[in-house]
Amino acid sequence: MLPHLDAVYGFARWLTRDPVAAQDLAQEAMLRALRYFHAFRGGEARPWLLRIVRNTWIDLSGRATAATSWPLDEIENRPPTVRIPSRSALASDRRRHVAAALAALPVDAREVLVLREIEDLSYKHIAAVLDLPIGTVMSRLARAREKLAAELRGRLGRRDHGLPDL
Amino acid sequence: MDCPTCEAMVDAYLDGELSATDSAAFERALEACPECRRRLRGRRGR
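Protein chains in written order, with our numbering: chain A, 83 to 248; chain B, 187 to 232.
Hints listed in this document are in silico derivations from the structure and should not be mistaken for laboratory results. Accuracy of the hints is not assured; some may be wrong.
In silico SDA-like pairs for lysine to any residue, Cα to Cα no more than 20 Å straight-line [to be verified]: (1) A:K206 / B:F212; (2) A:K206 / B:S205; (3) A:K229 / B:D201; (4) A:K229 / B:A194; (5) A:K206 / B:S209; (6) A:K206 / A:R133; (7) A:K206 / B:E203; (8) A:K229 / B:R230; (9) A:K206 / B:L204; (10) A:K206 / A:T218; (11) A:K206 / B:T207; (12) A:K229 / B:G231; (13) A:K206 / B:G202; (14) A:K229 / B:E221; (15) A:K229 / B:G228; (16) A:K206 / B:A194; (17) A:K229 / B:R225; (18) A:K206 / A:R225; (19) A:K229 / B:R227; (20) A:K206 / B:E193; (21) A:K206 / B:A206; (22) A:K229 / B:E193; (23) A:K206 / B:D208; (24) A:K206 / B:Y199; (25) A:K206 / B:D201; (26) A:K229 / B:L200; (27) A:K229 / B:R229; (28) A:K229 / B:R224.
Label-pair ranges, simulated between beta-carbon atoms [what the hints assert, rightly or not]: (29) A:K206 / B:E217: 22 to 32 Å; (30) B:A206 / A:I140: 33 to 43 Å; (31) B:A206 / A:G125: 15 to 25 Å; (32) A:P215 / B:L200: 19 to 29 Å; (33) B:E221 / A:G239: 17 to 27 Å; (34) B:R223 / A:G239: 24 to 34 Å; (35) B:P220 / A:D106: 44 to 54 Å; (36) A:G125 / B:D208: 14 to 24 Å.
Short derived list, chain A residues pointing at chain B, Cβ under 8 Å [to be verified]: (37) S204; (38) Y205; (39) M220; (40) S221.
For every residue, glycine included, the Cβ atom is placed at its ideal position computed from N, Cα and C.
Starting from the given sequences, assemble the full structure and let the hints guide the process.
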């Protein structure tokens, strides 16, 4: 499980959008993973762990509370401390915009995007983490990408009219 | 395949997440759906 600690914390960070809450969540999720390790049926450990992170988050905070939207200024002014895709050639300024836009999305969109674009999980593994049919993963991911693109366009349009669309 | 299904499959198709059978069905559906073809072109241009 240790090789996946970064993924556990990173996912916790994106879910909670708070570094302290993310540490608490990651710690509790790892404790649960150890407790339930006998139930692990082999295969890939990372999706299994990320599912525990998500379920722990739901148990600890309640989905309704956790999904409350944050003031955008607060999100925009916070430097991103979580990983965003290393394969991406985004410049740091653009990375900051992408991270802020992603953080501002509703949790349904945020979690599916993080699992696909940051954790690089297959649809099958995303379906397992989110406990959804694969068709729902497909449609949710397509909608989430559109929301992210719209959010980015809005931000770049607001901040600097000279920037090209992403 | 109805259009909302086809629409949702554009991303899965480009992500390489469709089975060979589903990819073939999707490509057939594209022929009948200008909106989804436009969508696919838009996604490829990202």
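| query | Do the alpha carbons of K206 (chain A) and S205 (chain B) lie within 20 Å of each other, as the hint requires? | reply | holds, 12 Å
| query | Going straight from one Cα to the other, do K229 (chain A) and R224 (chain B) come out at no more than 20 Å? | reply | holds, 18 Å
| message | Holds or violated: K229 (chain A) and R227 (chain B), Cα atoms, limit 20 Å. | response | holds, 18 Å
| query | When you check the alpha-carbon spacing of K229 (chain A) and G231 (chain B), does it fall within 20 Å? | reply | holds, 17 Å
| Agreement of K229 (chain A) and A194 (chain B) with the hint, judged by alpha carbon distance not exceeding 20 Å | holds, 14 Å
| query | Are K206 (chain A) and A206 (chain B) close enough, with their CA atoms no more than 20 Å apart? | reply | holds, 16 Å
| query | Between K206 (chain A) and R133 (chain A), is the straight-line Cα distance small enough, at 20 Å or below? | reply | holds, 13 Å
| Range hint compliance [Cβ, K206 (chain A) to E217 (chain B), 22 to 32 Å] | Because 28 Å falls inside the window, the suggested range holds.
| query | Is K206 (chain A) within 20 Å of S209 (chain B), Cα to Cα? | reply | holds, 16 Å
| Against chain B, with CB atoms and a cut of 8 Å, does the hint on Y205 (chain A) hold up? | holds, 5 Å
| Taking only the CA atoms, is the gap from K206 (chain A) to A194 (chain B) under or equal to 20 Å? | With Cα atoms ~15 Å apart, K206 (chain A) and A194 (chain B) stay inside 20 Å; holds.
| said: I want to verify a distance hint. Is the separation of the beta carbons of P220 (chain B) and D106 (chain A) within 44 to 54 Å? | reply: holds, 50 Å
The structure is consistent with each of the numbered hints, conforming to all of them.
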